[in-house]
Every structure is written in structure tokens, then in C-alpha cells.
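Engineer: Using the sequences provided together with the hints, build the complete structure.
Each chain is listed here by its residues.
Protein chains: 2
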Amino acid sequence: MINTPYLLFLGDVPDMLAAKVAIGIRDWRPENAVGQFRLPGCGADLGLADMTLAEARAAGAQTLVIGVANRGGVISKEWKKVLVAALEEGFDLASGLHNLLRDEPDLRAVAEATGRALHDVRVPSLSYPIADGKKRRGKRCLPVGTDCSVGKMYTAMAMERDMIARGLKATFRPTGQTGILITGDGVPLDAVVADFMAGSVEWLTPDNDDDHWDLIEGQGSLFHVSFSGVTMALIHGGQPDALILCHEPTRTHMRGLPDYALPSLEALRDMALPIARVANPACEVVGISVNTQHMSEEAALAYLAKVETEMGLPATDPYRFGAGKLVDALAGL
Amino acid sequence: MINTPYLLFLGDVPDMLAAKVAIGIRDWRPENAVGQFRLPGCGADLGLADMTLAEARAAGAQTLVIGVANRGGVISKEWKKVLVAALEEGFDLASGLHNLLRDEPDLRAVAEATGRALHDVRVPSLSYPIADGKKRRGKRCLPVGTDCSVGKMYTAMAMERDMIARGLKATFRPTGQTGILITGDGVPLDAVVADFMAGSVEWLTPDNDDDHWDLIEGQGSLFHVSFSGVTMALIHGGQPDALILCHEPTRTHMRGLPDYALPSLEALRDMALPIARVANPACEVVGISVNTQHMSEEAALAYLAKVETEMGLPATDPYRFGAGKLVDALAGL
Chain A
960 MINTPYLLFL GDVPDMLAAK VAIGIRDWRP ENAVGQFRLP GCGADLGLAD
1010 MTLAEARAAG AQTLVIGVAN RGGVISKEWK KVLVAALEEG FDLASGLHNL
1060 LRDEPDLRAV AEATGRALHD VRVPSLSYPI ADGKKRRGKR CLPVGTDCSV
1110 GKMYTAMAME RDMIARGLKA TFRPTGQTGI LITGDGVPLD AVVADFMAGS
1160 VEWLTPDNDD DHWDLIEGQG SLFHVSFSGV TMALIHGGQP DALILCHEPT
1210 RTHMRGLPDY ALPSLEALRD MALPIARVAN PACEVVGISV NTQHMSEEAA
1260 LAYLAKVETE MGLPATDPYR FGAGKLVDAL AGL
Chain B
960 MINTPYLLFL GDVPDMLAAK VAIGIRDWRP ENAVGQFRLP GCGADLGLAD
1010 MTLAEARAAG AQTLVIGVAN RGGVISKEWK KVLVAALEEG FDLASGLHNL
1060 LRDEPDLRAV AEATGRALHD VRVPSLSYPI ADGKKRRGKR CLPVGTDCSV
1110 GKMYTAMAME RDMIARGLKA TFRPTGQTGI LITGDGVPLD AVVADFMAGS
1160 VEWLTPDNDD DHWDLIEGQG SLFHVSFSGV TMALIHGGQP DALILCHEPT
1210 RTHMRGLPDY ALPSLEALRD MALPIARVAN PACEVVGISV NTQHMSEEAA
1260 LAYLAKVETE MGLPATDPYR FGAGKLVDAL AGL
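Protein chains in written order, with my numbering: chain A, 960 to 1292; chain B, 960 to 1292.
None of these hints come from the bench; they were simulated from the model.
Positions of the beta carbon are idealized from the N, C-alpha and C atoms, including for glycine.
There could be a bad hint or two in this list.
Quick look at which bits of chain A chain B covers, simulated, 3 or more residues with Cβ under 8 Å [what the hints assert, rightly or not]: (1) 1089-1098; (2) 1143-1150; (3) 1184-1192; (4) 1228-1240; (5) 1274-1282.
Structural biologist: This is the structure we're talking about:
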């Protein structure tokens, strides 16, 4: 559990593309973002107040979050100076970088001396149990994709936002580094040891009120041979009541696998639903989320209408047109 | 890679049940078993020559394999004395115990001083790649089960033995601790980090002669919610040409999951085959392996005949009645 709110560290990254994590926090948990900290030459700007460490602490910030990807896998001297000063100032540090904060002897020593925490969200911080498959109270919704990186996280977060706006009980449950940094909690599923994957998802989505929905962040794809085992564990550990099919229509092959074509939405439905019903016989496919970012608005709307007819299910791009249809589809469950 | 042949250490275990690994080595790789080493009070006997460490070394033994499970998770003083002496005598040590050899400071120090290896086969010894899904040369056969522990490893090993006896090219590929100790090599798949599971299986079953068969050890079950992600990674990493359905007909619920019934063989076929065809569109279900150990011979034969009729596929208990039918079924592929 990472203490919120955050000061978002952008370092000296050249552009907004490198600031994906910080943008996610600003967009999805603005209440967690007190301000931004930029070094000279930084080409990213979140539109938040630029703050010194002391100003951010005074404004209540608890954790300095490294909201960017660094190239080269080295934490530079310029970054290090700020990170050490932040620890001294009373901040915890949180990072999704491949090179871990805990592997930096100076950061580790200063964190120990000051009693602050170093959160490396790429590695599990807990020993998870082996899944027991017991039916849990409350409801769970899981987006599953025809491919990796088709918008499963955004779908779950957009649905959570819509549900909370309606006064419904809903919690986004992150299963990846970006989601964990955005919310401050979750399971880095792709870094969990095989035997404990499903158990970590059970741990993440515990018993809850009968009318509460977990919106679980999806991972991988049943059709992506590199990561399908992670997707499988997520479905069986999450025991979803509702599946959302996620798709990106302009992709020409599976991400990173040039020899593999994307499956159809029908093929995804026909594979995912029997798998999900092993853990939850009541599971239903309730809607379709299409990532239309590479389509004109006209083309996107035409595509969504066609999918709705063909699949007999509500279809939307929740980021572009809102998640209302998908939330409506949960109502009967 | 563990150096063979072995001296099999049985310690002071009370009975044969505790000697599962040693029995597996004796039964499946007798050429790897130079002799056995027993402490006073040992209730197990493999029927091999009892040897001192020096005698076993003289007979060519390279590695002392702890062929038993220890209860309590502690390596006792009596065991330790033998293990230290074995290192001094020139043996490597290999173990599938939960408590690792490498975590014992004395064993570690003596191994370093003597230049011997400590093989803890429960933990991966390599950094595996992420799977790339590329089609590999050679053929692969994978047993998949209606449940865990229904005889998938024995099926693969019995098929390998039958194929080698016929002069065919075949290699058993272990994916669990017991199989690794039996053969000296393999991947401890349930201990691999999620993102690298499928890649570790690709590594284990590389390009080979066009007429060579890998017989891959199965793990878990697509219907066992605790471990199904491991099974999925094994199917997509192994890209099998042939699946064998494995079943234990007397089991009343999924192993360790009292609320879960076993699926039918039809349900297993209908789920496993589309999944396997994602990685290998030519994959076929070719036969059925039934673990009949809890049935009379008459009941077993009747059950196998019934399954053959219902499924339209050859069915046998490869341990009881031979694996010939299953090997025959590979011929057309």
C-alpha cells in the first residue's frame, strides 16, 4: 500500500510519451496528484502546479512517484539527487522502473536512516497464497482482450469512474505496474511466481458487499502465447461474474508476434466464457470495449454499430464515448 | 544439468511412500541409479545395492540425490553429516526439498571449498526468455489432465520408453521437480515467474529433427483453478502437435478443491484443443490415458473399452497395460 497523495516526478524526460504513468495518475486519480516536479530540460507538462519538495510536503504529499519511464536502465545522478533529498524531506518513493530503487545502495541507506519506504511496484511485496477457488461474496468484472494492450485497464477504470458517479459500489483492482502506481495498491501479476498467480488475484478481490463490483485490470490475452498463462490465472483467480471483450480493430497481428493473427470477437467469447465458467458457472459476457483511437469518429461509430449487431451485445469505446453502456450491462447480474 | 549417475539417498524415512523420487529414478532411469544409501532405521528399500559413499564413487556415481521427502522442513543432523561427507568425497548434491540446500550455510561453505554443485531443483537455475511463439522443428506431445496428479508424468515417460524401444527418436521433457531429478534436467515450471512461463517451455523443447518427438511432462489442469495458468503456459509454450487426455475415474472432486467436480473427457477435449491450436493449428487430440490404479483389472479394461467407444480415440493405462496404443496414435502426425 503506497501512501497518497503523490508528488509526480517527471525528471528530464523529453516528451509526454515518456510520462505515461504520471498521465494515468492525473487522469484517473487527480485527487492523488498534489503537483509535479520537473528538472531543467523536461519536455513533459501535466498542467499541474510545479512544486519544490518542501512545498509538496506542506501540501500533504506523502510519496514521490517516478511517473516516467527512463531509457537505458540507469537512475541518473540528477534524478538521484532529487530522490535522496525527497527521502530526507520525509517522502516515500515509488517506482515502476525495471531497475529497482532497492538495488541502489545510497537510496537504500538513506531510506533506512530516515525510516522511509521504497516501493518497487514491479516486484511482489507479499507472499501470496495458492488459490483455493472458494466462492467469494460480491461481484467481479474482468475485461479480456483479443490481444495485449488493447485497452483493458482503461476499460476497467472508466467503468469504475462511471459507477462511482452513479453512487454504485465499485473498486478498480490493478494487476500491473501502471495501475498499482495510479491507485497505490494492487498485484504485479506478471512478476508473481507461477504457482501463486491465481491466489494473488483471489487475495486482490476478496469477499465484499453483495452489491459491490470489483473492476479487475486485465492482463495479456488467452490468444497471446507469451502471456496467456497470466490471463488464465486472472480469470480463474478473479472468478468474474461479467466479462467485457476488448479489441483494437486496426491491429494487423498480435503484439510482438508477427506470425499470429488476432482472433475475432466471436472466437474470444467462445474461448473465454467456458474457461470463466469453470470458476464461476454464472459468468456472462456482457459487453464489448473497442479501442478506436486510430479511427475517425465516423468510422468508430459505424464499427461499434456493426459489432453490436453481430455480437448482440452493447459495444462502446469507454475512453472516447463513455463507459455507460458497459455499466448498464452489469445491472442484471 | 545434474551429473549422472546417482547414488540415491533414502535417509531414515519410515516407508516407501516417502521415497517417491527415488522410486521414480529406479523405475524410469535405472541406468542413473548406481545404488542406495540408507541410514539406520530406514524403512524404505529400492532393492538396489547398499553402498558407502566411497563405494558409490568408485562405481562412477557423480551426484548424491536426496530421493525422499522430509517432514518438518528441516534437514536433520544425521542427514547433514552424510551430505557434508558426500561433498568432501566428490559428489554433487541434488534435492527437490522445499528447504533448499543452498540455504544451509555449512553445505554451502563445504560445496564452495570442494568445488561441488548444490542443485535445488525447486527453483529455476536460469533466466528464461519471454516466449516468441515461433514455430519450431520436430514434433511435440503433451498430456493434459482433467485434474492435477492424474498420471501425466508417467504417461509421457511410458511413451518415451516405448518409443525408444521401437527405435524412434523421443525425449521426455520434465517440467516438475520429480521429473527433473529423474532425468537430471528440465524446468521447474511452477516456480518460474509468470511472464517467463511459456518462454521456459519453448527453451525446454527447442528445434529438433523432423521425426523427433518431445514428450512433455504436463502440469496442473485447465480445470484446476489454482494452477490452470501453468497448464495454459505449458500448452502455448510447448505448441504440441498431439494432446493426450489424462483422467483418474475414481476421483470425487478436483484435488484440493472440494467444491469443484472433475470435467468429462469431452469437456477437457473441447477446451484444450482450441487453446492448443492458437499456438499450433495442426494440433490433434490423439489418445486417452486413464490412471486405473484404484480399479480392478476387469473394471479397468471395461472402462477403457467404454471410453474408446465414446470418444473414438485409443485409450489405455500406460503404466498398467503399456503405452503402445498412444505411441501408435502419433504415427500419422
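Engineer: For this structure, which hints from the list above don't hold up?
Structural biologist: Result: hint 5 breaks, nothing else.
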